[in-house]
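From first to last, the protein sequence lines are chains A and B. Numbering that gives the first Met the number 0 puts the first residue of the first sequence at 0, with every later residue one more than the last. Numbering that gives the first Met the number 0 puts the first residue of the second sequence at 0, with every later residue one more than the last.
Calculated directly from the structure, the hints in this document are not laboratory data. Treat the hints loosely; a few may be bogus.
Copies of the same chain look alike in the list, so a pair counts if it works inside one copy or between any two.
Claimed, not checked - In the PhoX-like style, the derived pairs of lysine-lysine whose C-alpha atoms are separated by at most 25 Å in a straight line are:
no.	residue 1	residue 2
1	K104	K188
2	K219	K49
3	K104	K190
4	K151	K104
5	K104	K219
6	K43	K118
7	K341	K257
8	K220	K104
9	K190	K20
10	K151	K102
11	K188	K349
12	K257	K275
13	K188	K114
14	K305	K257
15	K318	K268
16	K323	K257
17	K43	K158
Number of protein chains: 2
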Amino acid sequence: MELSQENQDLIKKFGATPISKLSETPNFYTFNNKLIASHRDFDKFFSALKKHEKGAILSGLNASGTLHLGHKAVFDTNLFFQKKYKIPVFIPISDDESYVAGKVKTQEQALENSKRLAKELIAYGFDPKNTFFIIDQIYTNIYNLAIKLSKKVNYSEIKATYGYKPDENIGLHFYPAVQSAHILFPQEKHKIPNVLVPIGPDEDAHIRISRDIASRAGYKKPAILHVNFLPGINGEKMSTSKPNTAIFLSDDEKTIRKKISKAFSGGQKTIEEHKKLGGNPDVDISCIYLKLLFLTPEEYKDIETKYKKGNLSSGDVKKIFADKAVEFIKNFQKRLKNLDNKVVEKCILKN
Amino acid sequence: MELSQENQDLIKKFGATPISKLSETPNFYTFNNKLIASHRDFDKFFSALKKHEKGAILSGLNASGTLHLGHKAVFDTNLFFQKKYKIPVFIPISDDESYVAGKVKTQEQALENSKRLAKELIAYGFDPKNTFFIIDQIYTNIYNLAIKLSKKVNYSEIKATYGYKPDENIGLHFYPAVQSAHILFPQEKHKIPNVLVPIGPDEDAHIRISRDIASRAGYKKPAILHVNFLPGINGEKMSTSKPNTAIFLSDDEKTIRKKISKAFSGGQKTIEEHKKLGGNPDVDISCIYLKLLFLTPEEYKDIETKYKKGNLSSGDVKKIFADKAVEFIKNFQKRLKNLDNKVVEKCILKN
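When you get a sec, could you build the whole thing from the sequences and use the hints?
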């Protein structure tokens, strides 16, 4: 996978560093497959971890969100570090932002969504003994750290970074202080100096300002990984508000197979042509997902070769992808069903 | 006492109502002496109280504050309602605003000040069984109500009302949502529909916007009393940052007597002239304080007459004022000294 346009922009215009320049990267699929292609200060974080210094992952979610396959790369990266280095994962679920940004109608709805997401994440595989959810409506003490940080950033900077207009509400204008509080929480509360924040490339501007605030307030700047987005299933940009662009972890088998059957394909128009010319795996959504998320390089190479030669049809690669996705999601749903709410409740930080 | 310029402005330009238009006012010195000269919806509040409907007083303080005689009118008004109608008094102490506005250097300092103020207020006379302090750093749950209300007010309105500049921090820009949360707290949390907020005339603009937010968020608009400022002891505007303008409740007897000895006087330049021409009680600080805060109309009339005739000197009225102030403050200090911290701690709201 080539560097995405987002990664290129972050590197060229905003001083991010290509992962390829690191002397050593973790041997994990999200790095190997270049799903993660740029970073800020990851070298320092990684070297601290290897020296057994205290570290943590900070990985936020919006309370309006619905988990889908697009989240897999971030979650698996977090899990890799949690398992391999036994470090805690802090997961802020920004129920307040969901409300002030109008993504949910009521604070009650935001709270309910947050609790559901927390449960889903534990079911996903996060270690309940080492995972901590910050739901702002519950852990309202986050407000004290937000106030501390709010003093270090002015309205003009927020306007320039977030593009908020004067007719937008003041909760939205304040939220960057809360987001900064989330990111600095492991340092402030748990004295963990090395914090890694995996984000989408589109969030970099927000985190850049949080890093500046961190520095102004006397904290260490957290390290950043830019985790690329996957293309939407139907070839459009993936969006939770467009159900056909994403495969949700709540989808049933029938829905998953139906969505994948309509996935954007790199095959030829007719079977005859396909057998003659072969498919184009570089634009084929099933191939891309299989390559990036589900298969080892060897497993994928085999499929790619056959697909290029026309020995595998579009339908064939769709079926392979669908089988993998169904297996993965069914296992998740089974764990979710069997998960005791009490286990999750213990992971939600209280005042 | 004539209507102050502030009261006149509030009435003429901003739709406040003169107290004189009420068909009935409470028989209490702050009303009788026109220390309270204008209001918003006080008639509704008062009539609800008399019908034994649920009511509350909401009276805030800044954590950077130091109690002085200028606070007496507000506190005594609050106490009058608390005692006579057995209603709770909620006292938000805005430690967060003190910090983001730079009135204190650290959040820790703001918290310490807040606790000291809470203790002083209980010593002042507030009923510990029916007084509740909202210290934002402790009762961080106030943030949830602030977020709810923050959605109902935009940046332009805050800018217009508070005059904040774009280079001022975002904590300051958010604070109006927290202030609104304080004011609506008795309604939201305790289902008390009738809330009275006594404020200085200079705070009216802030409370006007809070009343608008209340209404947009489906709450009843709290009633307002405008409690006038007293002139500073030395004739300047009273300000806690200028110790000679105010008599603090922490001043010792010597300091009090010294300040009053230098108080602005309405007497003549020489004793001979004074005996001949008499003093002017309308500009004499000692007379004003005695009249407005310490004496019954009959007691004051006697002094006024003698002062006007020159039978009482400036020194004489200063001594009468000093004796009253010393007695009042010594009693307060004695109660403060004997007050158990545990009693105060119970009055501080917890999450």
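For each hint, the structure was consulted:
For a Cα distance limit of 25 Å, the shortest separation of K104 from K188 across copies, 21 Å, qualifies, whereas the shortest one inside one copy, 31 Å, does not. In this assembly of identical chains, K219 and K49 lie within 25 Å of each other by CA distance solely inside one copy; the values are 18 Å within and 59 Å between copies. In the homo-oligomer, the alpha carbons of K104 and K190 lie at most 25 Å apart only across protomers (23 Å), although the nearest pairing inside one protomer, at 36 Å, exceeds that limit. With identical chains, the CA atoms of K151 and K104 are at most 25 Å apart between copies only, with a shortest distance of 13 Å across copies and 31 Å within one.
For the homomeric pair K104 and K219, the shortest alpha-carbon distance between copies (22 Å) is at most 25 Å, but the shortest distance inside one copy (36 Å) is not. Taking CA atoms no more than 25 Å apart as the test, K43 paired with K118 passes in neither setting, with 32 Å inside one copy and 49 Å between copies. Neither within a single protomer nor between protomers do K341 and K257 lie at most 25 Å apart by alpha-carbon distance, with minima of 35 Å and 66 Å respectively. For the identical chains of this complex, K220 and K104 are inter-copy neighbours only, at 23 Å across copies versus 34 Å inside a copy, given an alpha-carbon limit of 25 Å.
For the identical chains of this complex, K190 and K20 are neighbours neither inside a copy (30 Å) nor across copies (61 Å), given an alpha-carbon limit of 25 Å. For a Cα distance limit of 25 Å, the shortest separation of K151 from K102 across copies, 15 Å, qualifies, whereas the shortest one inside one copy, 27 Å, does not. For the homomeric pair K188 and K349, the shortest alpha-carbon distances inside one copy (13 Å) and between copies (20 Å) are both at most 25 Å. Taking the shortest alpha-carbon separations for K257 and K275, neither the intra-copy value of 27 Å nor the inter-copy value of 106 Å comes in at or below 25 Å.
Both within a single protomer and between protomers do K188 and K114 lie at most 25 Å apart by alpha-carbon distance, with minima of 22 Å and 23 Å respectively. When the C-alpha separation of K305 and K257 is checked against a cutoff of 25 Å, the pair qualifies only within one copy, where the shortest distance is 24 Å, while the shortest distance between copies is 99 Å. Taking the closest pair of Cα atoms, K318 and K268 come within 25 Å of each other only inside a single copy of the chain (18 Å); across copies the shortest separation is 105 Å, beyond that limit. Taking CA atoms no more than 25 Å apart as the test, K323 paired with K257 passes inside one copy only; the shortest distance there is 14 Å, against 87 Å between copies.
Proximity of K43 and K158 under a CA criterion of 25 Å is satisfied in neither setting, with 31 Å inside one chain copy and 42 Å between copies.
Violation of the numbered hints given earlier is confined to hints 6, 7, 9, 12 and 17; the remaining hints are satisfied by the structure.
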